[in-house]
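Colleague: Sequence:
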Amino acid sequence: MQQTKPDPLPAEKVKDFVSAGHNNLDKVKQLLTEFPTLIYATWDLGGGDFETGLEGAGHVGNKDIANYLIEKGARTNLFVLTMLGKTQIVKAYIETYPSYLYARGPHGFTLLHHANRGGEEAKELVEYLQSKGLKETRASL
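Throughout the sequence shown, residue numbering follows my numbering, covering 275 to 415 in sequence.
The reader is advised that the hints may include incorrect statements.
Here are the computed distance ranges between Cβ atoms for each label pair [stated by the list, open to error]: (1) Pro280 with Arg349: 41 to 49 Å; (2) Glu286 with Asn351: 34 to 42 Å; (3) Thr370 with Glu401: 17 to 25 Å; (4) Gln404 with Thr278: 47 to 55 Å; (5) Asp338 with Gly382: 18 to 26 Å.
Source of the hints: derived by calculation from the structure; they are not laboratory data.
Source: prediction; values computed, not measured.
Glycine included, C-beta positions come from ideal geometry on N, C-alpha and C.
Construct all of the structure, not just a fragment, from the sequences and the given hints.
Modeller: Listed below in structure tokens is the structure:
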């Protein structure tokens, strides 16, 4: 017997959640209470520009929201880990996959942008990324 899947999440809730992920922890918590699977949702801004609530927190440097979402099980990525200053993880990944140095996150923001947003905790990564040749903080998608 085939199980039926629930309806897709309401688009406006996904959009609200991703928007709140940038700077509104209270709203993030409220929306997750209402729709727990928003933690996995991605908003399509058009033109191949996709973003999750966690990625919103990542590119603005909101560590409180990023850490909250990760603790709740959000799927993280190298951009967010860079902003959080997770040096060992980021360096190991770049050493294993050197071309990822030039990957683009939401809105075309680079790893260097995310490291800059990470402040003191990501300072070593700023230097590392620049030593590898990354200069741009944003590139077109």
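Colleague: To test your reading of the hints: which numbers does this structure violate?
Modeller: 1 and 2
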